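A.B. asks: Residue strings, one per chain:
Protein chains: 2
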Amino acid sequence: MSVFYAPSLQKEQSHYQLSEEESKHCIRVLRKQVGAPIELIDGKGLQAFTILEDAHPKRSILRLESSIFHEKTPALHIAMAPTKNMDRIEWFLEKATELGLSKLTFLLCEHSERKQVNTERLEKIAVAAMKQSKRFYLPELEGPMYFEDFLQNHPKGYFGHCQEGEKIGMSGLKSALPFLIGPEGDFSEQEIVLAINSGYEAVQMSAFRLRTETAALLATTALLP
Amino acid sequence: MSVFYAPSLQKEQSHYQLSEEESKHCIRVLRKQVGAPIELIDGKGLQAFTILEDAHPKRSILRLESSIFHEKTPALHIAMAPTKNMDRIEWFLEKATELGLSKLTFLLCEHSERKQVNTERLEKIAVAAMKQSKRFYLPELEGPMYFEDFLQNHPKGYFGHCQEGEKIGMSGLKSALPFLIGPEGDFSEQEIVLAINSGYEAVQMSAFRLRTETAALLATTALLP
Numbered sequence: 000m001s002v003f004y005a006p007s008l009q010k011e012q013s014h015y016q017l018s019e020e021e022s023k024h025c026i027r028v029l030r031k032q033v034g035a036p037i038e039l040i041d042g043k044g045l046q047a048f049t050i051l052e053d054a055h056p057k058r059s060i061l062r063l064e065s066s067i068f069h070e071k072t073p074a075l076h077i078a079m080a081p082t083k084n085m086d087r088i089e090w091f092l093e094k095a096t097e098l099g100l101s102k103l104t105f106l107l108c109e110h111s112e113r114k115q116v117n118t119e120r121l122e123k124i125a126v127a128a129m130k131q132s133k134r135f136y137l138p139e140l141e142g143p144m145y146f147e148d149f150l151q152n153h154p155k156g157y158f159g160h161c162q163e164g165e166k167i168g169m170s171g172l173k174s175a176l177p178f179l180i181g182p183e184g185d186f187s188e189q190e191i192v193l194a195i196n197s198g199y200e201a202v203q204m205s206a207f208r209l210r211t212e213t214a215a216l217l218a219t220t221a222l223l224p
Numbered sequence: 000m001s002v003f004y005a006p007s008l009q010k011e012q013s014h015y016q017l018s019e020e021e022s023k024h025c026i027r028v029l030r031k032q033v034g035a036p037i038e039l040i041d042g043k044g045l046q047a048f049t050i051l052e053d054a055h056p057k058r059s060i061l062r063l064e065s066s067i068f069h070e071k072t073p074a075l076h077i078a079m080a081p082t083k084n085m086d087r088i089e090w091f092l093e094k095a096t097e098l099g100l101s102k103l104t105f106l107l108c109e110h111s112e113r114k115q116v117n118t119e120r121l122e123k124i125a126v127a128a129m130k131q132s133k134r135f136y137l138p139e140l141e142g143p144m145y146f147e148d149f150l151q152n153h154p155k156g157y158f159g160h161c162q163e164g165e166k167i168g169m170s171g172l173k174s175a176l177p178f179l180i181g182p183e184g185d186f187s188e189q190e191i192v193l194a195i196n197s198g199y200e201a202v203q204m205s206a207f208r209l210r211t212e213t214a215a216l217l218a219t220t221a222l223l224p
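Line order of the protein sequences matches chains A and B.
Using numbering that gives the first Met the number 0, the letters of the first sequence correspond one by one to residues 0 to 224.
Using numbering that gives the first Met the number 0, the letters of the second sequence correspond one by one to residues 0 to 224.
Incorrect hints may appear among the rest.
Distance condition first, Cα-Cα at most 20 Å in a straight line; then the derived EDC-like pairs of lysine to aspartate or glutamate [claimed, not checked]:
no.: 1; chain 1: B; residue 1: Lys83; chain 2: A; residue 2: Glu163
no.: 2; chain 1: A; residue 1: Lys133; chain 2: A; residue 2: Asp41
no.: 3; chain 1: A; residue 1: Lys130; chain 2: B; residue 2: Asp185
no.: 4; chain 1: B; residue 1: Lys31; chain 2: B; residue 2: Asp53
no.: 5; chain 1: A; residue 1: Lys43; chain 2: A; residue 2: Glu70
no.: 6; chain 1: A; residue 1: Lys130; chain 2: B; residue 2: Glu141
no.: 7; chain 1: B; residue 1: Lys102; chain 2: B; residue 2: Glu147
no.: 8; chain 1: A; residue 1: Lys133; chain 2: B; residue 2: Asp185
no.: 9; chain 1: A; residue 1: Lys83; chain 2: A; residue 2: Glu141
no.: 10; chain 1: B; residue 1: Lys133; chain 2: A; residue 2: Asp41
no.: 11; chain 1: B; residue 1: Lys71; chain 2: B; residue 2: Glu141
no.: 12; chain 1: A; residue 1: Lys133; chain 2: A; residue 2: Asp148
no.: 13; chain 1: A; residue 1: Lys83; chain 2: A; residue 2: Glu119
no.: 14; chain 1: B; residue 1: Lys57; chain 2: B; residue 2: Glu20
no.: 15; chain 1: A; residue 1: Lys102; chain 2: A; residue 2: Glu141
no.: 16; chain 1: A; residue 1: Lys133; chain 2: B; residue 2: Glu19
no.: 17; chain 1: A; residue 1: Lys10; chain 2: A; residue 2: Glu93
no.: 18; chain 1: A; residue 1: Lys133; chain 2: A; residue 2: Glu93
no.: 19; chain 1: A; residue 1: Lys133; chain 2: B; residue 2: Glu163
no.: 20; chain 1: B; residue 1: Lys130; chain 2: A; residue 2: Asp41
no.: 21; chain 1: B; residue 1: Lys43; chain 2: B; residue 2: Glu64
no.: 22; chain 1: B; residue 1: Lys133; chain 2: A; residue 2: Asp185
no.: 23; chain 1: B; residue 1: Lys123; chain 2: B; residue 2: Glu19
no.: 24; chain 1: A; residue 1: Lys43; chain 2: A; residue 2: Glu119
no.: 25; chain 1: B; residue 1: Lys123; chain 2: B; residue 2: Glu38
no.: 26; chain 1: B; residue 1: Lys102; chain 2: B; residue 2: Glu70
no.: 27; chain 1: B; residue 1: Lys130; chain 2: A; residue 2: Glu183
no.: 28; chain 1: B; residue 1: Lys155; chain 2: B; residue 2: Glu165
no.: 29; chain 1: A; residue 1: Lys114; chain 2: A; residue 2: Asp148
no.: 30; chain 1: B; residue 1: Lys133; chain 2: A; residue 2: Glu38
no.: 31; chain 1: A; residue 1: Lys130; chain 2: A; residue 2: Asp148
In case anyone wonders, no lab produced these hints; they're calculated from the structure.
Quick caveat: nothing in here was measured; it's all calculated off a predicted structure.
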């Protein structure tokens, strides 16, 4: 069955109108006809089963037959400095969404080389990965925000850095805490001190030097419940 | 210091000649001059420190000053059916090499859609990732080989499949055993029976539906020592 993302879907609705873009995809590309079953998900746990009632190429109307609310999946929060190369952020987001990411915050660090991200494009990637992996929750995208501001909101968690210092192992991490990943040039010494003083634990991530996005993906797997 | 891959390097050599391609890169691109320090790695544990003696753009000569042999890293063997899209195999190999992959076997399964891989291109990606991550061992690439033939050589290990059946958790896997990942269409029922009868344990990998390469990367992290 075809699945469409319907962020404004309400449980009590009797009918839902697809956007112009989705209508085109549904009618012109997938060539759906009146009576076709269509699934909707809102990215916040709601899944609805509908029937195509008006196969309009710009304003298709679906009739809701039934719906299910899916329980929220566990928190899995990664906060990372965006990589210079956007492709690497994009694939991280695709993979992490499949695995169960619930929130991704972009951090602005002292050594950050990229200050901006294309949130609209990233959301499309997350939506596609959510559908592909049969999830019902879309990861929240946040930021970019300053490292210090993030610590104010999230005083405890885990982080990886490449400098010397006390570090804990990768196993037995508490899934509900955020895991911070620095930029290509690593966290600065000052940021490391700030994080530790706030209540963060440094994690020994690998015997080898990991790229930012590889470290972020490894952190994601370490937080899986 | 610049690092070059020198697969035929010998510990006892006094001089090493860079290939035509590497000489060009060293002299024309990096503009190295006589006396420049150059590091060589053979991908089998040997690291040599050299000095550029003849800055020839096609046949550069390096003088070996000293060398170190690095202990072999633990076995970490993934065997996967290649994905339809080569890009997805390539990024898996890059990430897994950073994390510590020691061997990647390509499997031919009943539902395989791709039967061939470009091994030369994949080796280049593995070499780049090995240098990037400061590893001294290049992962071995093997196959494509038939699933049944692989089981003959490796009668025990782990595998992921999407069908019902008894499965173990992701934690506490023995790093030295291979982890098998099927094609986009999953392992066939017959392959699942064959694997279990041989001595493989099915692993419950995720609450969500993972793409082939995401499953392979998750398996890699689960086998990390």
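A.B. asks: Compare the structure with each hint and give your call.
C.D. replies: Comparing the hints with the structure gives:
no., hint, verdict
1, Lys83/B to Glu163/A, "violated (42 Å)"
2, Lys133/A to Asp41/A, "holds (12 Å)"
3, Lys130/A to Asp185/B, "holds (18 Å)"
4, Lys31/B to Asp53/B, "holds (10 Å)"
5, Lys43/A to Glu70/A, "holds (9 Å)"
6, Lys130/A to Glu141/B, "violated (33 Å)"
7, Lys102/B to Glu147/B, "holds (18 Å)"
8, Lys133/A to Asp185/B, "holds (16 Å)"
9, Lys83/A to Glu141/A, "holds (18 Å)"
10, Lys133/B to Asp41/A, "violated (44 Å)"
11, Lys71/B to Glu141/B, "holds (19 Å)"
12, Lys133/A to Asp148/A, "violated (34 Å)"
13, Lys83/A to Glu119/A, "holds (18 Å)"
14, Lys57/B to Glu20/B, "holds (7 Å)"
15, Lys102/A to Glu141/A, "holds (8 Å)"
16, Lys133/A to Glu19/B, "violated (50 Å)"
17, Lys10/A to Glu93/A, "violated (28 Å)"
18, Lys133/A to Glu93/A, "holds (13 Å)"
19, Lys133/A to Glu163/B, "holds (17 Å)"
20, Lys130/B to Asp41/A, "violated (43 Å)"
21, Lys43/B to Glu64/B, "holds (19 Å)"
22, Lys133/B to Asp185/A, "holds (16 Å)"
23, Lys123/B to Glu19/B, "holds (16 Å)"
24, Lys43/A to Glu119/A, "holds (18 Å)"
25, Lys123/B to Glu38/B, "holds (18 Å)"
26, Lys102/B to Glu70/B, "holds (16 Å)"
27, Lys130/B to Glu183/A, "holds (16 Å)"
28, Lys155/B to Glu165/B, "holds (16 Å)"
29, Lys114/A to Asp148/A, "holds (15 Å)"
30, Lys133/B to Glu38/A, "violated (47 Å)"
31, Lys130/A to Asp148/A, "violated (32 Å)"
In terms of the numbered hints stated before, the structure departs from hints 1, 6, 10, 12, 16, 17, 20, 30, 31, listed from lowest to highest.
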